[in-house]
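Participant: Residue numbers (our numbering), protein chains in the order written: chain A, 1 to 369; chain B, 1001 to 1377.
Hints are computed from structural coordinates only; laboratory data are not their basis.
Where hints are given, some of them may not hold.
Stretch-level coverage of chain A by chain B, calculated; a stretch enters the list once three of its residues show a Cβ under 8 angstroms from a Cβ in chain B [claimed, not checked]:
id, segment
1, 90–100
2, 205–212
3, 250–262
4, 275–287
5, 355–366
When the alpha-carbon atoms are kept at most 20 angstroms apart in a straight line, the in silico EDC-like pairs for lysine to aspartate or glutamate are as follows [unchecked claim]:
id, chain 1, residue 1, chain 2, residue 2
6, A, Lys46, A, Glu94
7, B, Lys1018, B, Glu1214
8, B, Lys1287, A, Asp19
9, B, Lys1018, B, Asp1007
10, B, Lys1319, A, Asp49
11, A, Lys6, A, Glu218
12, A, Lys46, A, Glu93
13, B, Lys1319, A, Glu44
14, A, Lys11, A, Asp207
15, B, Lys1056, B, Glu1019
16, B, Lys1319, A, Glu94
17, B, Lys1319, A, Glu218
18, B, Lys1056, B, Glu1166
19, B, Lys1287, B, Asp1094
20, B, Lys1056, B, Asp1007
21, B, Lys1056, B, Asp1094
22, B, Lys1018, B, Glu1225
23, A, Lys46, B, Glu1140
24, B, Lys1056, A, Asp307
25, B, Lys1287, B, Glu1168
26, A, Lys11, A, Glu218
27, B, Lys1056, A, Asp164
28, B, Lys1287, B, Glu1166
29, B, Lys1018, B, Glu1207
Ideal Cβ positions, reconstructed from N, Cα and C, are used throughout, including at glycine.
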Amino acid sequence: MWGRLKALIVKELLAVLRDPRARIILIGPPIIQLVVFSYAVTLEVKNVDIAVLDRDHGAWSQELLQRIAGAPSFRAIVPVATPAALRQAIDREEVLAAIQLGPSFSRDIAAGRPAELQIILDGRRSNAAQIVAGYLNRIVTGLAADAARPGAHRAAATTLVPRDWFNPNRDYVWYTVPNLIAVIALLIGLIVTALSIARERELGTFDQLMVSPLRTHEILLGKLVAPLLIGIVLITVYVLAALFVFGVPLRGSLLLLYGSAVFYLAALVGLGLFISSLAATQQQAILGAFLFMVPAILLSGFATPIDNMPGWLQPATLFDPLRYFLVIVNGVFLKGLEPGEILANTLPLALIALVTLSAAAWLFRRRME
Amino acid sequence: MSVGRQDRLRRFAALVTKETYQIVRDPSSILIALVLPLILLFLFGYGVSLDATRTKIGLVIEAPTPAARTLAASFQASRYFDVRLGRDRRQFTDDLVRGAVKGIVVIPANFAADQMKHGAVSPIQVIVDGTDPNTASFVENDAQGVLASWARIEGADTGAQRPGIEIEQRFWFNPQLTSRFFLVPGSIAIVMTLVGTMLTALVVAREWERGTMEAMMATPVTAAELLAGKVLPYFVLALLSMTLCVLIAVFAFGVPFRGSVVALYALAAAFLVPALGQGMLISAATKNQFLASQLALISAFLPAFLLSGFLFEIGSMPKIIQWISVIVPARYLIPSLQSVFLAGDIWPMFLRDIAVMLFEGAILFAIAARNTRKRIA
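With the sequences and hints as input, model every part of the structure.
Facilitator: Following this line, the structure appears as structure tokens:
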């Protein structure tokens, strides 16, 4: 039986890797993806252009503009002369924000009267706009504090000291690279397995497999092990890239990471095989995989936190294998996550793997009859 | 001459009819053009939200001075935080590691209101989980906001005079800052990428794989006619799918629609040129469904999602990635589409984006046509 199984696994590996272009696509693009998307996935806001309608041209407006120009998040200050020009700059998304200063801005500050300042932000990009509003508010508050006349009481000089655990410089790459390992493994693992049965059916080699002395569970085992091996190799490449190209620290145990990765991949392979036994053609298999993939990524907490989702939707994330593996990858790399916590997140993966693999086997048998 | 043209027209009409039948008869086309958009819109309308609701934090009061109490009350009253109180930060460290709280705010033992009067600094510590930098930034900013408004009230109470700069802040187009309002229009661009590039790449790759494409080549149809005949039904399908999405966006999600329908369709049609061109090119270059699906995923779907400014600001990315994003067609559709919904018709911007998309589409189709022709020889 072992000899047969081994031959089957080799056959499955060849089915995926025989085509030189397929080999390249399994290795090349995922690495490019890792590099490009690692740097792309950031909700930081930098290099912001800002329009200024300055009707004051006084000492304090100059001071304000200099502070904005000196702030690291801003790139260019675009002076505009009229409200219409300001409107146009925002409308055409030439700037994300605009500041309007009235003619008496500096005079009011000098006289100790409340000075007025208007900030206009582009609500089409409300997320970035809010962050920029935060930056601008901080700059203006700082200016106001410094403009306080000597002798007056200094108001609340309370400061906030932020400290980031696990990632002291709040480096986004440290966050995206481990996450992308899980996401890309999902993309590749699912497509490879979803195609495996559908391809044989479309090419007619499925019948040959059926008349061979192989038992059903042997066929399935072969189809399980081959993608698992490919997945492990891919994850290894990514882990190496994360450590040596991106310099992400590894604080936990690699052994535990691989241990849970096997269950993660098994869950994906189970899903893939389920889709594959369901599909009549390769095209349906690809689309089916896609239909699962997109919600799995969006609901995993990768792009936006699960806590932000409405309460009735959050339970749906419990069926998402990516959700658990994200916690594990992140935790192993950055947090040195305790074995107990890893186990707590591996258990659901094992459960999903069990359910999907049994469902795939059941469907596979039923389709054969 | 006129007879020749008539013949050609008839031939072309027959080709388009054949392709249309193929779409209508294939359940997977319907799946991707109608069901998938619904799922995507649903997910972007409900699932993906950047509007942080109450973030769970641990609040540590080391000594219950009056100032610490009022500040703690401000945190509890804030709509940004779901506060759990404690006396020692060690109570929350495990929770932070597990992700059960997203931050720990520590009001130190020496924090007292009377210090403020003398302008002394009493720092509040905010410990955040750096493994999720987005949430970390939100927690820090929101804590800053709570602290600032508390200080303003305390300052007024203690009679400290503040020199004022009154900031009037306005968010145009989306004053409630609903992230759904820009996510849903953005996801329409992603749906169109799926139908335009992914579906076409798959379907045409299958024809190459099965050899039916070669069969078509053997007929008197020219390569250009063949390409156009393939593309036209998908063009219509993608516009249908877009229309469905827009209707749902406006009537189910309440996204305002301030622009004109003409602008909407002009933008959508222009976008479909590079999207379909890319799909044709992928299928002609790979002639294999597995490769085509992977390439479409990598070169169309993921860039539309990640490199288009849909979720992540392009300006914040490293220079080299900004250059890569220049060739992503969705990058030119998404800002304009968001404008059609939220701002109205801004034709100078639309025309620029349409021109770029058409230019890119022309290049892609030219390469695809060359690829198709080469194979006949």
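Participant: Would the pair B/Lys1287 and B/Glu1166 pass a check requiring their Cα atoms to be no farther apart than 20 angstroms?
Facilitator: Between B/Lys1287 and B/Glu1166 the Cα gap is close to 63 angstroms, so the pair fails against 20 angstroms, i.e. violated.
Participant: Given the proposed pairing of A/Lys46 with A/Glu94, does the C-alpha separation stay at or below 20 angstroms?
Facilitator: holds, 15 angstroms
Participant: Are the Cα atoms of B/Lys1319 and A/Glu44 separated by 20 angstroms or less?
Facilitator: holds, 15 angstroms
Participant: Taken at face value, is the distance from the CA of A/Glu218 to the CA of A/Lys11 at most 20 angstroms?
Facilitator: holds, 13 angstroms
Participant: Taking 20 angstroms as the top limit, are the C-alpha atoms of B/Lys1319 and A/Asp49 close enough?
Facilitator: At roughly 16 angstroms apart (the allowed maximum being 20 angstroms), A/Asp49 and B/Lys1319 satisfy the hint.
Participant: Does the structure keep A/Lys11 and A/Asp207 at a Cα separation of 20 angstroms or less?
Facilitator: holds, 15 angstroms
Participant: Under the criterion that the straight-line Cα-Cα distance not exceed 20 angstroms, is the pair B/Lys1018, B/Glu1207 satisfied?
Facilitator: Holds - the C-alpha atoms of B/Glu1207 and B/Lys1018 are around 13 angstroms apart, at most 20 angstroms.
Participant: Between the segment 205–212 of chain A and chain B, are there enough contacts, at least three residues with CB-CB distance under 8 angstroms, for the coverage claim to hold?
Facilitator: The restraint on the segment 205–212 of chain A is violated, since only 0 of its residues have a Cβ under 8 angstroms from chain B and three are required.
Participant: Would the hint linking B/Lys1018 and B/Asp1007 be met if the CA-CA limit is 20 angstroms?
Facilitator: holds, 17 angstroms
Participant: Keeping to a limit of 20 angstroms between CA atoms, is the pair of B/Lys1056 and B/Asp1007 held or broken?
Facilitator: violated, 70 angstroms
Participant: Does the alpha-carbon distance linking B/Lys1287 and A/Asp19 stay inside the 20 angstroms limit?
Facilitator: holds, 12 angstroms
Participant: Can you confirm whether chain B covers the segment 355–366 of chain A, using C-beta to C-beta distances below 8 angstroms and requiring at least three such residues?
Facilitator: It is violated: at least three residues are needed, and the segment 355–366 of chain A offers just 0 whose Cβ sits closer than 8 angstroms to chain B.
When held up to the earlier numbered hints, the structure conflicts with 2, 3, 5, 15, 17, 18, 19, 20, 25, 28 and fits the remainder.
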